[in-house]
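Novice: From just these sequences and the hints, can you work out the full model?
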Amino acid sequence: MTNSMSNTEFVTNLVENQYKVLKTEVLDQYQIAFEVKKEDVHSILSLLKTSGWIQLSYLSAVDWIKDNEFEVVYIVFNWDKAVHIQIRTRLDRESASINSVLPIYPGCKYYEREAHEFFGIKFPGNPDYEKQLILENWDDIPPLRKDFDPRQYSDKKFSHMEYKNDFVNKDGKVSKQEAREKRFSDADKLRTGGKK
Amino acid sequence: MKEMKLFLGPQHPGMSGNASVHMYVDGDIIKRSYLLPGMLHRGFEKGMERHLWVNNISLIPRVCVVEPDTNEMAFAMAVEMIAKLEVPERAHYIRMIILEFARLSIHLMSYGGLGGPTGLYTLMYHAHTDRNTILNIFEKITGHRVYHQYIVPGGVRKDLPVGIEKDMHSFLDDLESRYEEYRDLGINNLSIQARIRDTIMLPKEVVWELGVTGIGMRSAVNKPYDLRKVKPYARYDQIEFDVPVSDYSDAYARVDCKLQEVLQSISIIRQCLIKMPKGDVRVPISKGQAMRWTVPKGYAYACVESSRGEFGYFMVSDGGTHPYRVGVRGASYPQGLLGVEKYLPGTRLDDASLWIDTMGVCSPEIDR
Amino acid sequence: MNKQYSIFTSWRHFKHLFKKPKTIPFTSIFTKKNMNYLNNNSIIRSKKKVEMSNPRTAGDNQRGFHTNDWEVCIGCGTCEEICPTEAITMVERLDIKDEEGKLQQRPTIDYGRCCFCALCVDICTSDSLKMSKEYIYSHEDPNAFELMPEALWQGHAVEEGWVKDKASNLLDLERVHMEHESPDERKSSFIEIVRGYSKEYAKLEAARCVECGICTGSCPVQMHIPAYIKAIFEDDIEGGLRQIYETNPLPGVCGRVCTHNCESACAIAVKGEAIAIRWLKRYIIDSAPNDMYEKILMEPVSEVVDARVAVVGSGPAGLGAAYYLRVMGYEVDVYEEKPLTGGVMRYGIPAYRLPDSAINKDIDFIEKIGVKMIVNTRVGKDITMDKLEKDYDAVFLGTGFFKPRSLGIPGGDHKDVIGAMTFLPQVRDYERGVLKLEDIDVAKSIVVIGGGDVAFDVARSATRLQMLKYGKSDVKLTSLENEDQLPSSDDELFEGSEEGIELFCGNGPQEVMIKNNKVTGLRLWKCLCIFNETGSFNPEYDKECEQIIEGQQIYIAIGQSPDYEYIPESLQGKLQFSRGKIKAGEFGQVEYTPWLFVG
Amino acid sequence: MVDMLLMILAGVGVALFGFVLQTSIAGVNRKIVGRIQKRYGPKWYQEFLDIFKLLSKRSVTHGWIFDFGVIMALGGIIGTAMFMPITSSLMAFPGYDNFFIFVYLIAVGMLGMAMSASGSGNPLASIGVMRALTTMLAYEVPFMIVVLTIIKLTGTSSLSELGILQQAGGDFNWFVIALPLGGIVAVISLMGMLGKKPFVTYIAPAEIASGPMVEYGGKQLGMLFIMHEITVFIEVSLFVHLFLGGAENILFFIIKYFAVYTALNIMSSVYGRLKIDQVVLFFYKWPLILAVTQAFIAIYLGWVI
Amino acid sequence: MLSTKFSPMSKEEVDRKWWEIGDFFRRNSLWMLMYCTGCCAIELPPAMTSAYDMERLGMGPMATPRQADVLLVTGYLSLKTLRRLIYTYEQMSEPKYVVGFGSCTINGGIYHDSHAVINQLNKYVPVDVFVAGCMPNTESVMNGFIDLMDLIKNKKANGWKDYHERNDWYKANQKAALGEVKIHDEFHE
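Protein chains in written order, with our numbering: chain F, 1 to 196; chain Z, 1 to 368; chain R, 1 to 599; chain V, 1 to 305; chain H, 1 to 189.
Do not rely on the hints blindly, as some may be mistaken.
[Unchecked claim] Simulated crosslink set (EDC-like; lysine to aspartate or glutamate; CA at most 20 Å straight-line):
#1 F:K157 with R:E86
#2 F:K23 with F:D92
#3 H:K175 with F:D139
#4 Z:K287 with R:E174
#5 H:K156 with R:D141
#6 F:K189 with R:D236
[As the list claims (entries may be wrong)] Pair by pair, the computed Cβ-Cβ distance ranges are:
#7 R:Y324 with F:K182: 19 to 29 Å
#8 R:R12 with H:H164: 50 to 60 Å
#9 F:D92 with Z:P345: 33 to 43 Å
#10 F:K182 with H:K171: 37 to 47 Å
#11 F:R151 with H:H164: 29 to 39 Å
#12 V:M1 with R:R12: 55 to 65 Å
#13 Z:E240 with R:E234: 48 to 58 Å
#14 V:V20 with H:W169: 39 to 49 Å
#15 F:K164 with Z:P345: 53 to 63 Å
#16 H:H164 with V:V20: 35 to 45 Å
Read the hints as simulated data drawn from the structure, not as lab findings. Just so it is clear, CB atoms sit at the ideal spot from N, CA and C, and this is done for glycine as well.
Specialist: Here it is in structure tokens:
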């Protein structure tokens, strides 16, 4: 716990000496992130586990829809050295699949199920990963993908309250508010040369 | 006898929270079991992506209902980590006070909750009455009894109100003076000991395998693995406190650690009140009005020690006005899902709700 | 550890049998109505009336139900914007008085959505929205949960709960610092004072805007202010430029010298410093590259209408008209008597506020879209009105006010009593190098009469000339209005005094002191009030309080009147004038002369 | 014939008295327990409100066994209560107040309830019934040994006679004092009988959602509540008559009854619930040893205080 | 004497009288079923325990739906919960009442645009009283209960009758949101 800066250096040396790391980010004295290739993930994780990073704190994914990629993130922790390590790797969005880390970290079982449920990433090697965990009778694309719009889904399926109260007082005049809002939206359209 | 299917929850007095434990029992012995989460799924991680940075402070406390402050703290820390914000010194101390009060409140609640599965309702009544006092103190500080929305990225929302120290001290003194009474009613009581001794074990070897943290881990491995010590956040490095540990991981050890932590929390709050400097309590995330606050690009994983273990927020920002991705590591995720599946079988039917209670399984943070 | 446990440990709690319970009495839980219900509910009807029953008073920071003071609220709708649950809707209330800087709308809150986060309170621009300590409300009808917060909650006054304070404030009340030339430096030259925002600073300043749109209503040309500020924030210069050009063809000029009424209407200005709207506009113009301009400007001119329009005068009005007519497809010719187009922009406003480069940029682009500029041509002298009528389908008069109003006091017709519009063009000409310093007759000490922007222009220009000529300045400014009522903008006042202009505000000039046919000073009387009860101009003076200020020259900047000499008499007979302006219909069309339009 | 009718009427009167007494005392006890929990507790007549409320509700049936079992349980218990002497001389069926009648008749009610609960088809109910029967087996054995010791010592098994015998010995010549170990066993067993913590494994809301009652609602639940109250009346009265010297008059009976019930309630309010295996183990350990010791001491050594 | 004074009450009147008597008992002994559907449940323990001592009103928690009179829907309802809530509601014995807690049950609250949470509770089960707040303080909860009692007294708490009368409407709404009310998993085959 003392001499924390050397801990991150230790990790950096440990990983970078053996594997090709695409990017290393030292976030602070307790955290370090590596971007690695998909093939290296498992060996790096087992290396880390044998070096004391025995706890899988978190596993999830990020949807980089513009790059058409998913980024899977593994966060492991070592209680003696007090460094959280993020291992990040990118997967192709269309056929996202990465082998389960169940043999290395048994605790990943439900995280992987959840990641599959919410992103649609496949985890071969995890026996139940295709079972629904949180959702029930889900009938749309995995909800944490960026192209899923929960509002649309909500509007489609669940009605909203429409209040019957009448607070508006217009005195039969032309609504200035509407005019204002129209101008606002018109102006917004101008941005892209909406005049055409 | 044939195996029988039984539910524990979602609507069940022994279930703390809206989740369901499905069990196959043979007589009274649980043969197989698993947790059915998702009853409280609200799409938080999606919702956070769709809210502004500032709006998120109204969303995050709701991730875990009983302990909103750790959520706020972890979120705030993650944002501060990406945006490289320097939080004012006073805010650090106020945050610690709030966090420790939250710890007190949830420990009282879960200790009182011990009264539910064991039928010792008097304990529940007493503990909740004291918790109510904490809630009132919270209300005075933050404006709401439960959803405080007080710890925000960059500090806290308001300074402590005048004269609140008196309320705090009187409550802490009162609680400390009745600490032995509490022990006598609860875990020193033989009828309770019969329920929690030597049962619902979580052996040392499997703690790592599951990823269980917090009291569940410390009561097994006998080492002070507390994030407040291991990687101090706020100003925990300037406060003296002990981390209660144990090497025998039965339910008794967990409850015992919890109660000892109550004393530690009391002492931490007292130290904070003494050490707290004067000054500002908040810096904005960035310039401009709140709806146009931006956070630079970056990744961060920030975690705090909640009453159930490591509570973490994984955050990705793309430099915009909204978070790009926020992931929540619920502190009770491992013991709630994998723990119930792997280590509840073999115990008795009666122990299921005690497992849920002493492990502190909080279903909203599992479902999110 | 010594573990003490037995069957009997818990027996110590039997003591609570003889202690007072911790329960809160009904009368501090229930409201009076509910307490009455409880009282009538027991089997034995109790006749006792409930006297007092109040739920526990919440803490000072309680985030209870909202209250909103309608008098203070400006209807900006910021609360609606920030609400994380979309619970707040602004509702139009035309029964509220229509005031400058306020919108006729007030928030309603849907308590079926509200999450009591108090963000709306923290961001309220006028501090009118507050949260009370009331937290009890239940109803069987879900419709009853949409409420319109007023100063009273459910018809009675309540205590304030959560209110905004310095720490919880979510607005940015301080302007991003704009770099100015230092007073000493700028005093002795005509370089532009305001340096303009860098990209980074402009974004920060734009981030302060809450997009309420109150400013739009106060802008003479109704620019899409919030929209282009948002564009700056999102780093979309092109979009912002488009939004600006939709309403304003001379943004480069306006970005420097418009009267920025918007900034006084700004919602942020209620509690803090207004957004620097004008400078942000200027930022867009300055940072947009030329090719972007062309692209945007050429877009709208699509079809050509076979009609020609003559525009008389190339001031802001004339150029504006020319631009829009051209955009509509007309062929436009602009007539200008002076050698350079721009009118008041070119000849009135001093260069430290509006450098030529900015004017050129604007006018060049107007020319680029096909507007023809015909300079050095005075209508009425070089070309007749009749000819214009014959050659063009329509004529637009956009001539400005260049003729000084006379002072009307003894000595006011002395040659050293100079009108602003005589002086200022000289200054501009000097800046352009047309005139030499020696050609301009600036005395060593000067008195300026007037409190408007023009007066300051005069005074500050004179300061600069004095500095250049004599190395020191001595300019005094006197006006009827008091210092805090001066019609000029605040920065003028601030910067003017920074540059060493002495102010004699609240005084009315009575006599120009002349000695040996030379102006020596001005006699002032204290001005008591400027307008009489009916509101017309009729100043009253306190004769006792007399003051004489010295000066060798007196500049008059108390307003200008138009010069309609160019209009032939035949036509003048048909026109009607009111307060110096030609009377016209709704769209600027002059009665009886359908081909003639005025600005 | 008329005698018989009158006796039955009187018997029903006793049952009704028992119901009203027990329900009121239960209400008062809720307030007392509330005090230990630092609160005031409900109105003293809350139990009545609850029961009448339940009777006023509509209910769902799960087949005829379910319904019939409830009626059988209630009928059986009312039948049992009819034989209960109130004081040593006041009873509906003089001479029929033999201890074994109660032991036998009370089983009818229990059986009805067990039948009905199993008829509901809910697994929790069957677990609850199973646990109830197991608990019964556990507490009955030591209790029976103590009672048999008394019967052996006195030579009678009639409750009223036992009461009179105790009263004849002078003030406080009660079996609870005379046979102290047996008294302790009887108190512990009574706690088991009444379903007080720590022996209340078969209700256990947190584990098996109130066990046998899980499927009851409305009228059936109301009847079960009435049955429960009368059962408690029978069990506490048994204790009063067997161990507390019966009662010379109604006032004494009510006082003794109240004291016993309240003491048990207060005690149980600071205990948690044991597991079913622990309950059985407990009863077969300490109370059984104590009861046997007591029997040995009292019968073979003749040491009676 | 009796025969002259006693004018036989019509059947409706007798029914009404009985109902009123029943109502008295019902409103003074409301047994709650806490279905902790959401956050608002966290303010119930203080209400039930010593600080506020709800038992004074005759209210208490009950273990199973069959025994309970009033269903407390404490906050937002995810779809998964709603399925089970409908099960639960239909199991309760009549007359039964529903109290909706907090913003979420009225119009979706903070989760109004979530993909997993319904917005209006009263489209799926009839609700008698809504309590405002997010979450409602204990005092609001207690006052809400009194409001419910008042409604029962005035015979306005008729949600359960409505559920019979407009059963088709409720069922249609449930179907629209849930697709299928029936639960499919290992335990409900």
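Novice: So does H164 (chain H) sit 35 to 45 Å from V20 (chain V), Cβ to Cβ?
Specialist: The hinted range 35 to 45 Å holds for H164 (chain H) and V20 (chain V), with Cβ atoms some 37 Å apart.
Novice: Within 37 to 47 Å: is that where the Cβ-Cβ distance between K182 (chain F) and K171 (chain H) falls?
Specialist: 42 Å, holds
Novice: With 39 to 49 Å as the target window, see if V20 (chain V) and W169 (chain H) comply at their CB atoms.
Specialist: 46 Å, holds
Novice: Within 29 to 39 Å or not, the Cβ separation of R151 (chain F) and H164 (chain H)?
Specialist: Given a distance of about 35 Å, which is inside 29 to 39 Å, the answer is holds.
Novice: CA of K287 (chain Z) to CA of E174 (chain R), is that 20 Å or under?
Specialist: At roughly 10 Å apart (the allowed maximum being 20 Å), E174 (chain R) and K287 (chain Z) satisfy the hint.
Novice: For a C-alpha distance cap of 20 Å, please report whether K156 (chain H) and D141 (chain R) respect it.
Specialist: The hint holds at about 11 Å.
Novice: Could one say that the CB atoms of R12 (chain R) and H164 (chain H) fall in the range 50 to 60 Å?
Specialist: 54 Å, holds
Novice: Between the alpha carbons of K189 (chain F) and D236 (chain R), is the straight-line distance 20 Å or under?
Specialist: Holds: K189 (chain F) and D236 (chain R) sit about 13 Å apart, inside 20 Å.
Novice: Are the Cα atoms of K175 (chain H) and D139 (chain F) separated by 20 Å or less?
Specialist: 14 Å, holds
Novice: Are K23 (chain F) and D92 (chain F) close enough, with their CA atoms no more than 20 Å apart?
Specialist: 18 Å, holds
Novice: If you check the beta carbons of M1 (chain V) and R12 (chain R), does the distance land in 55 to 65 Å?
Specialist: 60 Å, holds
Novice: Can the suggested window of 48 to 58 Å be confirmed for the beta-carbon pair E240 (chain Z) and E234 (chain R)?
Specialist: 50 Å, holds
Going down the numbered hints, you'll see the structure goes against none, and every one checks out.
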